[in-house]
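Colleague: The residues making up each chain are set out below.
There are 2 protein chains.
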Amino acid sequence: MKRTAFFISDGTGITAEALGQSLLAQFDNIEFEKNTLPYIDTIEKAHEALTTINRAAETDNTTPIIFDTIVNDEIRAEITKSNGFMIDIFGTFLGPLETELKAKSCYTVGKSHSISTNRNYERRIDAVNYALDNDDGARTRHYDQADVILVGASRSGKTPTCLYLALNYGIKAANYPITEEDVDDQKLPTPLRDYKNKLFGLTIDPERLAVIRNERRPNSRYSSMKQCNHEVEEVELMYRRERITFVNTTDYSVEEIATRIMVATGIERRAK
Amino acid sequence: MKRTAFFISDGTGITAEALGQSLLAQFDNIEFEKNTLPYIDTIEKAHEALTTINRAAETDNTTPIIFDTIVNDEIRAEITKSNGFMIDIFGTFLGPLETELKAKSCYTVGKSHSISTNRNYERRIDAVNYALDNDDGARTRHYDQADVILVGASRSGKTPTCLYLALNYGIKAANYPITEEDVDDQKLPTPLRDYKNKLFGLTIDPERLAVIRNERRPNSRYSSMKQCNHEVEEVELMYRRERITFVNTTDYSVEEIATRIMVATGIERRAK
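Those protein sequences? They're chains A and B, same order as listed. Residue numbering for the first sequence is 1 to 272, as defined by our numbering. Residue numbering for the second sequence is 1001 to 1272, as defined by our numbering.
One or more hints might be untrue.
Label-pair distances were calculated between CB atoms; the ranges are [said to hold, decoys possible]: (1) A/T190 / B/E1031: 17 to 23 Å; (2) A/E58 / B/K1196: 35 to 41 Å; (3) A/R269 / B/D1073: 27 to 33 Å; (4) A/T99 / B/N1054: 46 to 52 Å; (5) A/T99 / B/G1095: 20 to 26 Å; (6) A/N120 / B/M1001: 21 to 27 Å; (7) A/K196 / B/G1095: 49 to 55 Å.
The calculated lysine to aspartate or glutamate pairs, modelled on EDC-like cross-linking and capped at a C-alpha distance of 20 Å, are [stated by the list, open to error]: (8) B/K1002 / A/E100; (9) A/K102 / B/D1135; (10) B/K1081 / A/E33; (11) A/K34 / B/E1098; (12) A/K2 / B/E1098; (13) B/K1272 / A/E98; (14) B/K1272 / A/D28; (15) A/K272 / B/D1028; (16) B/K1102 / A/E268; (17) B/K1104 / A/D251; (18) A/K272 / B/E1031; (19) A/K81 / B/E1033; (20) B/K1034 / A/E31; (21) A/K102 / B/E1268; (22) B/K1102 / A/E31; (23) B/K1272 / A/E31; (24) A/K34 / B/E1268; (25) B/K1034 / A/E268; (26) A/K102 / B/D1060; (27) B/K1104 / A/D28; (28) B/K1002 / A/E98; (29) A/K104 / B/E1100; (30) B/K1272 / A/D251; (31) A/K104 / B/E1033; (32) A/K34 / B/E1100; (33) B/K1196 / B/D1135; (34) B/K1102 / A/D60; (35) B/K1034 / A/E98; (36) B/K1104 / A/E33; (37) A/K104 / B/E1031; (38) B/K1045 / B/E1078; (39) A/K272 / B/E1033; (40) B/K1102 / A/D28.
These are computed hints drawn from the structure, not numbers from a lab. From the three backbone atoms N, C-alpha and C, an ideal C-beta is built for every residue, glycine too.
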């Protein structure tokens, strides 16, 4: 049986969605159709949302699940009239927090993902520009500014991870591809030698690497199992020989790879 | 008075952090020092976390606030022994959800941000590559594949927004800078003419643009107030003349710009 779920907020909906997704993931026998409704910040929009919810209730012939972080009581009351089952995320926790903190919450709209300070924004944008300029070994002379330099075979996940670190944490992450020539050489590539303490390795199962490379260059030597096996084996040997910490990205999302790098390296976030 | 807050999880901690940040943002008279402790998935790590929490309690001379999404009861019990005030995010909502869904939760670790399917991962990576290859008007011949093409003056936020859309939603977003020559020409730049329905404009207050440009090229004509005023005015005129929907990014974070584009365009996510 299909259930419809709504993540509703007067802001971006990122918090409602993150929590809702996590909770629904615990019920893996149920198929959920998920909808995020951000910026529900007027009675009119709330009424439209209510109509959408009730339509889903009718189509599914069962109660939709609603996770909301709406702050304004009147707007929230409109959604409460729907035929959905509501989980009031903010309301549930603000009371206990007010008691513990001995303070009244100011309870304002969309605070969490609004721009906190321009300085924070600038740090993230600077870090994105750094990641772009120092992607894929394109430029190596600014490695002194890097917080971390990701290394790994082509298509092991370096670029998206660098961008995630930049966008979310304002971390300056460069990346350098370990090529076939590098592994055959059995030495750490020259541009990396002065920055050994900044290196972090990515590896990936050869089978998965071959699938990914095949999408880019089908039926090439580059994407063959033989080549992928060889490169992965040699890259991992290099990591061990040079004592470079590394993570296998095969079963990880970009968020997980990034979080594991943060834990393993202890790098501090530069922005939030 | 400073309070320390911890976001603790056996997974990435992204959910605990998103919710915790949102809730703490409602208490803007209190200064919080925030710490995310991801991958607390053994009793040993929980014990280390407990030590960290108790140290903060001693230093602050007050109770730290803990937001957790730890699934395993034994691991969670270890944290419960600390001198912190715990907000049990999952525990609070899973009971009511189980009743409503008439199902037992499988309650597994780190489900929410683990790689859901390889197809999802690939879509996001494809979209990141698309954003990189079609950044800043570098290439315009693949606009037929774009879900959206962001336009705007240099430094108005196009690139980070494209990357955010790609990383988070698997959306293929290209971007094209509107230059001084374009605005003086009073016409839509040639490469964009066939894709008017995909265009979305960014604008920004001239004062803020000047600050951002000054960081890149201090005291240049490019970053002068006069130039910024002129470009912003002309770009907005172009949006109105060509009926291009646009958003002013001055007070928005990258998340907010991206969410507003999703709402305004109605583009569907390609990955989650």
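Colleague: Could you run down the list of hints and mark each one as holding or not?
Modeller: We went through each hint and held it up to the structure:
Between A/T190 and B/E1031 the C-beta distance comes to about 46 Å, which lies outside the given range of 17 to 23 Å. Under the hint 35 to 41 Å, the C-beta atoms of A/E58 and B/K1196, about 37 Å apart, fit the expected range. Hint check: A/R269 to B/D1073, Cβ distance near 30 Å, so the stated range 27 to 33 Å holds. Evaluation of the 46 to 52 Å hint for A/T99 and B/N1054 yields a failure: the beta carbon distance comes to about 22 Å.
The supplied range of 20 to 26 Å is met by A/T99 and B/G1095, whose beta-carbon atoms lie about 21 Å from each other. The supplied range of 21 to 27 Å is met by A/N120 and B/M1001, whose beta-carbon atoms lie about 23 Å from each other. Separated by about 50 Å at the C-beta atoms, A/K196 and B/G1095 satisfy the suggested range of 49 to 55 Å. With a C-alpha separation of about 14 Å, the suggested pairing of B/K1002 with A/E100 holds against the 20 Å cut-off.
Note on A/K102 and B/D1135: the hinted pairing is violated, with a Cα-Cα distance of about 49 Å set against a maximum of 20 Å. The hinted pair formed by B/K1081 and A/E33 fails the criterion: a straight-line CA distance of about 39 Å is larger than 20 Å. Using a Cα cut-off of 20 Å, the hinted pair A/K34 and B/E1098 holds, with the two alpha carbons roughly 18 Å apart. The suggested pairing of A/K2 with B/E1098 holds, with an alpha-carbon distance near 16 Å, which does not exceed 20 Å.
Straight-line distance between C-alpha atoms of B/K1272 and A/E98 comes to about 34 Å, which puts the hinted pair past the 20 Å bound. A C-alpha spacing of about 16 Å is found between B/K1272 and A/D28, which places the hinted pair at or below 20 Å, so the restraint holds. Note on A/K272 and B/D1028: the hinted pairing holds, with a Cα-Cα distance of about 16 Å set against a maximum of 20 Å. Distance hint between B/K1102 and A/E268 is unfulfilled; the C-alpha atoms sit about 43 Å from each other, more than 20 Å.
At roughly 26 Å between alpha-carbon atoms, B/K1104 and A/D251 are farther apart than 20 Å, so this suggested pair is violated. Proximity of A/K272 to B/E1031 is assessed by CA-CA distance (about 15 Å); at most 20 Å being required, the pair is judged to hold. Between A/K81 and B/E1033, the direct Cα distance comes to roughly 39 Å. Violation of the 20 Å bound is thereby established for this hinted pair. Between the alpha carbons of B/K1034 and A/E31 the distance comes to roughly 35 Å, so the proposed pair goes past 20 Å and is violated.
A C-alpha spacing of about 43 Å is found between A/K102 and B/E1268, which places the hinted pair above 20 Å, so the restraint is violated. Straight-line distance between C-alpha atoms of B/K1102 and A/E31 comes to about 14 Å, which keeps the hinted pair within the 20 Å bound. At most 20 Å may separate the alpha-carbon atoms for a hinted pair to count; B/K1272 and A/E31 meet this at roughly 15 Å. At roughly 12 Å between alpha-carbon atoms, A/K34 and B/E1268 fall within 20 Å of each other, so this suggested pair holds.
Distance check on the hinted pair: B/K1034 and A/E268 sit about 12 Å apart at the alpha-carbon level, within 20 Å; holds. A distance of roughly 16 Å separates the Cα atoms of A/K102 and B/D1060; the hinted pair therefore holds under the 20 Å criterion. With a CA separation close to 10 Å, the supplied pair B/K1104 and A/D28 stays within the 20 Å bound. For the hint pairing B/K1002 with A/E98, the CA-to-CA distance comes to about 16 Å; that is within 20 Å, so the pair holds.
With a C-alpha separation of about 32 Å, the suggested pair A/K104 and B/E1100 falls outside the 20 Å cut-off, and the hint is violated. Annotation: proposed proximity of B/K1272 to A/D251 holds, straight-line Cα distance about 16 Å (limit 20 Å). Straight-line distance between C-alpha atoms of A/K104 and B/E1033 comes to about 19 Å, which keeps the hinted pair within the 20 Å bound. Straight-line distance between C-alpha atoms of A/K34 and B/E1100 comes to about 17 Å, which keeps the hinted pair within the 20 Å bound.
Taking the CA atoms of B/K1196 and B/D1135, the gap is near 18 Å; set against the 20 Å cutoff, the hint holds. Taking the CA atoms of B/K1102 and A/D60, the gap is near 16 Å; set against the 20 Å cutoff, the hint holds. Of the supplied pair hints, the one linking B/K1034 and A/E98 holds, its CA atoms being roughly 18 Å apart against a limit of 20 Å. For the hint pairing B/K1104 with A/E33, the CA-to-CA distance comes to about 19 Å; that is within 20 Å, so the pair holds.
At roughly 14 Å between alpha-carbon atoms, A/K104 and B/E1031 fall within 20 Å of each other, so this suggested pair holds. Taking the CA atoms of B/K1045 and B/E1078, the gap is near 10 Å; set against the 20 Å cutoff, the hint holds. Taking the CA atoms of A/K272 and B/E1033, the gap is near 12 Å; set against the 20 Å cutoff, the hint holds. Taking the CA atoms of B/K1102 and A/D28, the gap is near 13 Å; set against the 20 Å cutoff, the hint holds.
Hint check: violations occur at hints 1, 4, 9, 10, 13, 16, 17, 19, 20, 21, 29; the rest are consistent with the structure.
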